[in-house]
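Generate the whole structure from the sequences, applying the supplied hints.
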Amino acid sequence: MNFLSQYIYYIGAFGLFFIGLYTMLTKKNLIKVIIGLDILDTGVFLFLIAIGYSSGGTAPIFSKSVTETGNMVDPVPQALVLTGIVIGVSVLALALALAIRLYEHYGTLNLRKIKEQRW
Amino acid sequence: MVNPVLLIVVPLALAFAVPLFGLISKKIVKILPVVALLFNLIVSVMLLPKVMEQPIHVFIGGFSPPFCINLVAGPIGILFSVLIALVGLLVSIYALGYIKEGAIEKYHTLYLLLITGATGAVLTGDIFNLFVFFEILCISSYSLVAYLGNKAGIESAVKYLLQGALGSSLILLGIGLLYAKYGTLNMADLAVNIHSIKSFSNFLPFILLVTGFGVEAAIFPLNAWLPDAHSSAPSSISAILSGIAIEVGLYAVVRVVFTIFGASSFLVFLLFLGVLTLLIGEMSAFSQNNIKRMFAYSSIGQIGLILFALSIATPYGVSAGFFQLISHTLAKALLFLAVGYMIYRTGSMDISSLEGMGKKMPYTSLAFTIGALSLVGMPPFIGFPSKFMIIRAALLKQETLVTVLVVLVLVATVIEGAYFFRVIQAIYFRGGKSEIKRERAPLSALIPLFIFVGLIVVIGVYPKLLTNFLDSTASELLNRLDYIKGVIR
Chain G
1 MNFLSQYIYY IGAFGLFFIG LYTMLTKKNL IKVIIGLDIL DTGVFLFLIA IGYSSGGTAP
61 IFSKSVTETG NMVDPVPQAL VLTGIVIGVS VLALALALAI RLYEHYGTLN LRKIKEQRW
Chain L
1 MVNPVLLIVV PLALAFAVPL FGLISKKIVK ILPVVALLFN LIVSVMLLPK VMEQPIHVFI
61 GGFSPPFCIN LVAGPIGILF SVLIALVGLL VSIYALGYIK EGAIEKYHTL YLLLITGATG
121 AVLTGDIFNL FVFFEILCIS SYSLVAYLGN KAGIESAVKY LLQGALGSSL ILLGIGLLYA
181 KYGTLNMADL AVNIHSIKSF SNFLPFILLV TGFGVEAAIF PLNAWLPDAH SSAPSSISAI
241 LSGIAIEVGL YAVVRVVFTI FGASSFLVFL LFLGVLTLLI GEMSAFSQNN IKRMFAYSSI
301 GQIGLILFAL SIATPYGVSA GFFQLISHTL AKALLFLAVG YMIYRTGSMD ISSLEGMGKK
361 MPYTSLAFTI GALSLVGMPP FIGFPSKFMI IRAALLKQET LVTVLVVLVL VATVIEGAYF
421 FRVIQAIYFR GGKSEIKRER APLSALIPLF IFVGLIVVIG VYPKLLTNFL DSTASELLNR
481 LDYIKGVIR
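So the sequences go chain by chain: G and L. Going by this note's numbering, the first residue of the first sequence is number 1, and it counts up by one from there. Going by this note's numbering, the first residue of the second sequence is number 1, and it counts up by one from there.
Since the hints were made in silico from the structure, they are not lab data. Nothing here was measured: the structure is a model prediction, and the numbers come from that model. Any given hint might turn out to be false.
Partner residues are not named here, just some residues of chain G that face chain L (Cβ under 7 Å, in silico) [said to hold, decoys possible]:
#, residue
1, Phe47
2, Ile51
3, Leu80
4, Gly84
5, Ser90
6, Leu98
7, Leu102
Computed footprint of chain L on chain G, listed as stretches where at least three residues anywhere in the stretch have a Cβ under 8 Å from a Cβ of chain L [to be verified]:
#, segment
8, 23-33
9, 37-44
10, 105-114
Note that beta-carbon positions come from the ideal geometry of N, C-alpha and C, so glycine has one too.
Encoded structure:
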C-alpha cells in the first residue's frame, strides 16, 4: 500500500501513456486515434508534473516565513508542462481541422477505408 | 558583432507580421520571406568565419548555464543556419511566382515559422528548447503539406501529423526522464553527468529521444509518412521538407547520440540502420512511376547514406557526412523546384508525362539533369566529392564491417543511377514528336534554379571551398569535452 501511495502518479502517468498508445494503434476511427493521442499526451504531462511534485510542498517563493528550499515544488517541470500543453493543443486543433477536411473528401473517418496513399 | 539570436528573432517576428502587412498589400506579403531569409543568410555568412575559430555562446536572461537557455552558435549550428537560409531564400524566390492559389498569407506565415523552427533547433543548447523549436518546425510542416487542400495532401498530412505527434510525445517523455534523473535540461550539463548508456535509466531516455527525433529524420523503420508527405505537398514545400526538415531531424539525432550521451557503443547499430535505410529508400524509389514519390524515396536513401557516414565517427567520416548532407540539400531542392514547373505545365506527376521535356523546357530540363547527376555522384558536380569522401572515410576506418557495408552503399548508388538515368532518358530521348512548343519558366523560377546549378558546379569543382569548414564541424561533434567546456566555464 505504501508503494502504491508513493508511486501512484507514475503508475497513473504510464497507465495513461499506454492506454493512449493502445488507442492510437488499434482504433480505426480517426477521431478515436486523435483522442488516443490526447490521452497519451496527458500521460506524459502527468509524468512531468509528478517529477517535481512533493506532497504538502509550497510554491517556490522565498519570503520571511519560508527561507528553506526543503519542501518546495520544483517549478521547472510545471513550466515544461505549460509549454507542452500549448503544443499539444495546437497539434490537436490541427489534427481535428484536418479530420474535418478528410471527412469532406472521403465521406468517412475510417482509416482502413482511406487508402489512396497506401497507408 | 551580430548576435546569433537575431537569426531566430527576425523570421519569427516577420512571420507574425505577415498578416499585418497583408492588410496593406498582398504583394508585400510575398516579399517578406525573401527579406527575412536574405537577412539570415547575410548574418550567418558574416558569423561563419568567427565561429570557426571560437563558438559564440548566447545566454538568454542573463543567467549563466546551466540555469539559462543558451544558444551555441558553433560550426555545426552556423553551417546549418547558412544552409537553411540559402535554400530557404532560393525557395522563397521561387514561391513568388509558384504559389498563386489558396491562402497566400498563411503560406508565408507558416513558411517563415518553419524556417524559425529549423534555425532555432540547430542553434539551441537546451534540450527542451530543442523540443520546442522542433515542434514549431513540425507543426508548420504538417499544415504546409496540407496546403493545397486536395485529397492526397490532406490524407498525407493526417498521416504525417499522427506519426510526428507520437514521436514528439516520446521526445517529451525522454526529456522528462532525463530531468528526473539529472535535474537539468542543458545539453552540456547533461553531457557532464552522463558517462554511458549502459545503465537502463540512461538507455531508456536515449532510445526515446533517438526514436522521437528519428521519426522526423525518416530513419527506417520510422519513415512511412515521408513518401506521401513529400509527394503531396506543393513543390516548393517538398524542396524545403526534403532539403531542410529531415536534415534538422537528423541533426537532432546526431546531437543526442554524440554530444549528450556520447554513445559510441550505439554507433554500430546506426551504421546498420543507415545502410538499411539507404537500400530500402533506393529500392523503393526504383519502382516508382510518380516522379515526386521517387524523389521522396531517394531522400530516404540519402538520409541513410548521411547517417552511415556520420556513424563512421572518424573526423574524416563526419566531415564526409556533413558534405553529403549539403550536397543532398542543394541537389534535392534543385530537383524538386525544377520538377515543380514541369508538373505545373503538364499537370501530371507521371514520369511518362515528362517525355520530350528536353525540347519544351530546355533550361529547366538542364537544371533537372544537373541535379540528378549530382545526386548520383557524377563529376564535376558536388555529389562526386561528397560520395568519394564517404567511401574513402569508410575504407580508411579499416574495419571489415564498415568495408562490407560500403559495398552495399555502392550497390545502392548503382540503383540510384539506374532510376535517375531512366528519367533523364525520358526527358531527352523519348516522345517529343507531338507539339514542340518551347515554353520558358518565369524568371522567379529560373533564378533560383541557376543559383543552385552554379553552387553545385562550383563546389563540385573546388571542394576545398567547403572542406575547411567541415573539419571544424567534425571536431565539434566528436570532441564532447570541448563542447561541454565551452558552455560551462
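Now the hints, each set against the structure:
no.	hint	verdict
1	Phe47	5 Å, holds
2	Ile51	4 Å, holds
3	Leu80	6 Å, holds
4	Gly84	6 Å, holds
5	Ser90	6 Å, holds
6	Leu98	5 Å, holds
7	Leu102	5 Å, holds
8	23-33	holds (count 3)
9	37-44	holds (count 4)
10	105-114	holds (count 3)
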